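All chains, please: the whole structure from these sequences, using the hints.
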Amino acid sequence: MRLKLTVNGETRELEVAPDRRALDLLREDLGLTGVKEGCGAGECGACTILVDGATRLSCLLLAAQLAGREVTTIEGLAPAGQLHPVQQAFIDCGAVQCGFCSPGMILAAVELLRRDPAPSRALIREGLSGNLCRCTGYHMIIDAVEAAARVLRAGAPS
Amino acid sequence: MIPVFTPHSLSDLWAALAQAPGAMVYAGGTDLLVKRRAGLLAPPALIHLERIDELRGVEERGEWLRLGAACTHTELLAEALVQTQVPVLVAALRVLGSPLVRNMGTLGGNLCTASPAGDTLPPLYALNAEVELLTPAESHRMPLRQFITGPGQAALPPGAILGSVWVPKPSGWTVQHFEKVGLRNALACSVVSLAALLQVNGSGVTERAALAWGSVGPTVMVCPEAERCLIGRHLSLPLLREAAAKAQQAVSPIVDGRADAEYRRTVAGNLLLRLSELV
Amino acid sequence: MMEIGLAVPRVDAHAKVTGQERYAIDHYPPNLLWAGARRAGVPHARLLGIDTAAARALPGVVAVLTAAEVPGTNRQGIVHKDQPVLVEDHVRHCGDAVALVLAEDQERLRQALALIRPDLEPLPGVFDVQQALQPDAPQLHERGNCLSHATIAAGDVAAAWADCALVVEEDFQVPWQEHAFLETQNGVAQLAPDGQLTMTVSTQAPFRDRFEIAQALGLDFQRIRVISPYLGGAFGGKDGATVQCLLALAALHAGGRPVKMVWEREESILAGYKRHAARLHYRLGAQADGSLHALECRLYYDTGAYAHLGGEVLELALEHAAGPYRIPHTRMEGWSVYTNHPVGGAMRGFGVVQASFAFERMMDRIAAALGRDPLALRMQNALRRGDRNGAGITQVHSTGLVPGLEALHRHPLWLDRRIWCEQAGPFKRRGCGIAAVFNAMGYGRGLPDAAIAKVELTPAGTFRIYSAVSDMGQGNATAFVQIAGQILCQEAAALEVVQPDTDLALPSGSSSAGRTTYTYGNALIRACRALQEKLLHWAALMLMADAPADLVLLPGRVRHLGTGRDLTLVQIAAMLPEGERFSVGQFVMPVSREVPETGKEFFIGFPHCFFAYAAHLAYVEVDLLTGRVAVCRYLAATDGGQVLNPRTFAQQVQGAIAQGIGYALSEELLVEEGRVLNADFSRYLMPTSLDIPDIEALAITTIEETGPFGSKGIGEVGINGPLPAIAGAIEQALGVRMHQAPFTPPRVLAALEAHTGSRGDAA
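From first to last, the protein sequence lines stand for chains F, L and Z. Okay, so the first sequence: first residue is 1 according to our numbering, each after it adds one. Okay, so the second sequence: first residue is 1001 according to our numbering, each after it adds one. Okay, so the third sequence: first residue is 2001 according to our numbering, each after it adds one.
Accuracy of the hints is not assured; some may be wrong.
Straight-line C-alpha distance at most 25 Å; calculated SDA-like pairs for lysine to any residue [unchecked claim]:
{"#": "1", "chain 1": "Z", "residue 1": "Lys2428", "chain 2": "F", "residue 2": "Ala122"}
{"#": "2", "chain 1": "F", "residue 1": "Lys4", "chain 2": "L", "residue 2": "Gln1248"}
{"#": "3", "chain 1": "L", "residue 1": "Lys1035", "chain 2": "Z", "residue 2": "Lys2428"}
{"#": "4", "chain 1": "Z", "residue 1": "Lys2428", "chain 2": "L", "residue 2": "Leu1239"}
{"#": "5", "chain 1": "F", "residue 1": "Lys4", "chain 2": "L", "residue 2": "Met1001"}
{"#": "6", "chain 1": "L", "residue 1": "Lys1035", "chain 2": "Z", "residue 2": "Arg2039"}
{"#": "7", "chain 1": "L", "residue 1": "Lys1035", "chain 2": "F", "residue 2": "Val51"}
{"#": "8", "chain 1": "L", "residue 1": "Lys1035", "chain 2": "L", "residue 2": "Pro1168"}
{"#": "9", "chain 1": "L", "residue 1": "Lys1035", "chain 2": "Z", "residue 2": "Arg2022"}
{"#": "10", "chain 1": "Z", "residue 1": "Lys2081", "chain 2": "Z", "residue 2": "Met2001"}
{"#": "11", "chain 1": "L", "residue 1": "Lys1035", "chain 2": "Z", "residue 2": "Gln2106"}
{"#": "12", "chain 1": "L", "residue 1": "Lys1035", "chain 2": "Z", "residue 2": "Arg2110"}
{"#": "13", "chain 1": "L", "residue 1": "Lys1035", "chain 2": "Z", "residue 2": "Ala2114"}
{"#": "14", "chain 1": "F", "residue 1": "Lys4", "chain 2": "L", "residue 2": "Pro1007"}
{"#": "15", "chain 1": "L", "residue 1": "Lys1035", "chain 2": "Z", "residue 2": "Leu2669"}
{"#": "16", "chain 1": "L", "residue 1": "Lys1035", "chain 2": "F", "residue 2": "Ala122"}
{"#": "17", "chain 1": "L", "residue 1": "Lys1035", "chain 2": "Z", "residue 2": "Gly2041"}
{"#": "18", "chain 1": "L", "residue 1": "Lys1035", "chain 2": "Z", "residue 2": "Ile2116"}
{"#": "19", "chain 1": "L", "residue 1": "Lys1035", "chain 2": "Z", "residue 2": "Glu2267"}
{"#": "20", "chain 1": "Z", "residue 1": "Lys2428", "chain 2": "L", "residue 2": "Pro1007"}
No wet-lab data here; the hints were simulated from the structure. Nothing here was measured: the structure is a model prediction, and the numbers come from that model.
So this is what it looks like as structure tokens:
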């Protein structure tokens, strides 16, 4: 099928099998390897992307479903050379070890903070409960989201 | 490579089904696409429902709430009508899957998958919900309890889709309670769950009770004996133990490797005891 | 500034949070072919033949290979090379590879794999360690079913029982644990026309991989280049060939095209290495005053179909089996046994996790029987520098367990524990449990734990460190930049670390055993000091200064302190011949100088002489109605010597504890008749963010004088605490002793019923 969509702010048009996974389209056809595959079955969240601003599991989305949508991957979260406050907080608070879960985790955190700008640690844990991390034990990830929430509340652009 | 249709309306959908009679229909894909990847299904074509507005939305229609079958769980959680009218369903949605799964998974999908462990099922059974099935020619409603016929089996004829879920507007329930037991706190298939609706009057006497359990039978389990046991009496731990014993007799879980039958039987009863904290 | 002791952010964090960092799995060279393995799918069988005709005939399939096409020995392995790359005639576990397919795309690869028909004659399976040890059991290898049988003993345990006021005996059982790294096993490889094989692979041992590939396939190891990018987790599961030999074989048949192999999650669980499932029998005796006196234990480790590091895991298990305590009379015997199960191999806490569950629960038994406070009992018996441990080895180096236990003792979480427990709500019970744990660092004796560091002054006046030890998320790259920054006095922007590439870096062993920061770090210190000395010497020449001691290296420059004259590093680099811009430093980890009369069966490993120590405390709440266990708070005081980076230190402790909590609450590979029942993430349950509490990590800063700036490795020790600490807390909460991990809700409720005669609910 001829697929037209916006990816990280750029309109793209490509010839693709309609049942190709969005994950493969993004990683292999568009070179956006920031989107990761951890399980292929929606159980780990590593493949998280934003579609029209809402998080989705790209391993369970087919290319046809992306027609006309705005897709944002981790690469497009912030303008080139800049970092979203959540990304900066991940760096500053030690939330990144192997980093494989980080893109998905960050996008999930961005959505969480848009919905709830002042979440408790318990609410942060709930908001990130679909993103598995095997390295950190989550503690510093929660710290990072708390820190980013403060920055955003103080008026940083999101 | 298989074709994937993207209908924007119900008439688009009927046209697509006519064009590809063996096509399978999905909304969120969190069950169907997982099964397809595991080789458990191989449909010749797919039709996704997420752009059909007629299948979405939540509204009051007289004495009923209509929930569009293609509403995602996240959408339902955000609806004021759902929050205020059916907190028992809210409690189930909050622990279904994960935030990411809830963004994609739909109410209709949860019902059509008809897993004995489906989280929305016990609340909807307790609420006496109905499903509305649509075909090109007509629509008709039936009780959810009739719609689910066995583990993973729903009475959805070929060519029909689940269009809406109708919930009688709950009135008089003073307690809407749901508890799910999983082997971890998110992304967990329920091993036992309980939805409980109670109407307790000003003197503390239970006038009505609706109880429904998940994951302890081939489909959702209801236990009128346990309900009757509570009616006309004050909720107390000894009373709840009586009701629990009746529920434990009714349990007949399928084997799925997550928990043994003995555990499910015990906990199905134990979850009733939690109600003692609510009154 | 990049200095030791500061919580500098990870140098790789920026690239990772922007999605720019390319892991091995993110490489898609143009014109690539996909490779995949057909797995046997049965636990024990004779492979009589294999029909590949239909697969070969499929358009888009470039090759289908079987054992007949494997040159070389067709054997891979780290110590014992007993694992075929492609099965010849004996299938030993469901994940055994019987054929390899190369295809143009993943879809056709899958189709081709499904068309391969192995002709398998099922053989009776060996699914139990005791059964495997019977003389009449089916023999899985030429050496029989016992990979390793060894004993470590001290004193005279047979006579010692008579002197014990109290003897307790118990059995424990733990399952296989899955590493579950998010980036599965994968790599890309290409054979150049000149015969050079280049492989980019998610690996913990790029240098050793060359040997494994070369021996398996009959190649020259010097013609194999392995590049090891940052890994998306490993925890031991990528130590030793996973995809490497299969991928290299594929590259040999790819007509010069690059080949990519990625194990999907299900294949990763079926075919990847595991933590050994184990049964442990313990008998522990103490004197009336609480001093431990005699220990006898038998450890049965299920090493599955192939050895991997099963013998070495047993060595560490036995070496740690007596706990971090003085026990004068011990007899610790163990077996590492082949079965038709998934392969037991290296996983963080390497044999020690299993033993820690046992010895710490035995400590609680002794404490309870003597009416002693469990923390005080541990403090009394804890090893101090100069003591002999249960294996009879003198503790010569930093031994910070006692300060760790003291830190716990002073901590508000310990002081407030009873009040917290009393506040349990309806149908809840609360308890607190502790654990004193330790974990050796390094390879131990018999195998040189060595590294060679290489540092370069680039023409741009910056410094480039050629790491040779994979960074799998533990953050050694950052440690190396801090070490270099400290010695060379440079800022972050002037320091770069290159991930291992066997063409550019120098052999430095595997990323394992908690060794990389210590061993490579020490080598790096030497390399940096040598480079510093060299640069000052050259600068002195350039400045016509008569004493290099008057010069100092500063950010971007060298200054002659007497005159205040500076030379930039760019200027100096321009003057140096290329070879002079590089410095190399070598280091070998010291080994124990004791020659024990015991443990002679172990030709490598025993004894180790450096250990990390930790004291853990878990706050646990159990729900009586469902048996659900929640870990509400967790505290760990860990001795890692001096701390190079407090944040990285805490990261490692928290991450290890989280994996231990998973093993305690929900992680187990369910295997029946050799078949894995839960080979995906919906059924193999790792902790989510809602399952792990805040984890407070305290550093106990002893000084490990042999370590880089006084530090030692702590990557593993944290994972050893949660099983016993949580079990101890459950016992305090419910009066129930859990002997089998994980402590799932069904197991907890069943234990409660057995204990009280009724299941669940509250009085």
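Consistency of the hints with the structure:
1. Between the alpha carbons of Z:Lys2428 and F:Ala122 the distance comes to roughly 20 Å, so the proposed pair stays at or under 25 Å and holds.
2. Taking the CA atoms of F:Lys4 and L:Gln1248, the gap is near 55 Å; set against the 25 Å cutoff, the hint is violated.
3. Taken as a hint, the L:Lys1035 and Z:Lys2428 pair is broken in the structure, with Cα atoms around 38 Å apart against an allowance of 25 Å.
4. For the proposed pair Z:Lys2428 and L:Leu1239, the alpha carbon gap of about 20 Å is at most 25 Å, so the pair holds.
5. Between the alpha carbons of F:Lys4 and L:Met1001 the distance comes to roughly 19 Å, so the proposed pair stays at or under 25 Å and holds.
6. Restraint check: the Cα-Cα separation between L:Lys1035 and Z:Arg2039 comes to about 21 Å, which is no more than 25 Å; the hinted pair holds.
7. Restraint check for L:Lys1035 and F:Val51: satisfied, since their Cα atoms lie roughly 23 Å apart, inside the 25 Å limit.
8. Under the criterion of a C-alpha separation no larger than 25 Å, the hint pairing L:Lys1035 with L:Pro1168 is inconsistent with the structure, at around 33 Å.
9. In summary, the hint linking L:Lys1035 to Z:Arg2022 is not supported, as the alpha carbons are separated by about 30 Å, beyond the 25 Å threshold.
10. Distance hint between Z:Lys2081 and Z:Met2001 is unfulfilled; the C-alpha atoms sit about 46 Å from each other, more than 25 Å.
11. Straight-line distance between C-alpha atoms of L:Lys1035 and Z:Gln2106 comes to about 18 Å, which keeps the hinted pair within the 25 Å bound.
12. For the hint pairing L:Lys1035 with Z:Arg2110, the CA-to-CA distance comes to about 16 Å; that is within 25 Å, so the pair holds.
13. With a CA separation close to 17 Å, the supplied pair L:Lys1035 and Z:Ala2114 stays within the 25 Å bound.
14. Between the alpha carbons of F:Lys4 and L:Pro1007 the distance comes to roughly 16 Å, so the proposed pair stays at or under 25 Å and holds.
15. A hinted pair counts as satisfied when its Cα atoms are at most 25 Å apart, and L:Lys1035 with Z:Leu2669 qualifies at roughly 21 Å.
16. Restraint check: the Cα-Cα separation between L:Lys1035 and F:Ala122 comes to about 32 Å, which exceeds 25 Å; the hinted pair is violated.
17. Distance hint between L:Lys1035 and Z:Gly2041 is fulfilled; the C-alpha atoms sit about 20 Å from each other, no more than 25 Å.
18. A hinted pair counts as satisfied when its Cα atoms are at most 25 Å apart, and L:Lys1035 with Z:Ile2116 qualifies at roughly 23 Å.
19. With a CA separation close to 16 Å, the supplied pair L:Lys1035 and Z:Glu2267 stays within the 25 Å bound.
20. A distance of roughly 51 Å separates the Cα atoms of Z:Lys2428 and L:Pro1007; the hinted pair therefore is violated under the 25 Å criterion.
The structure fails to meet hints 2, 3, 8, 9, 10, 16, 20 from the earlier list, while all remaining hints are met.
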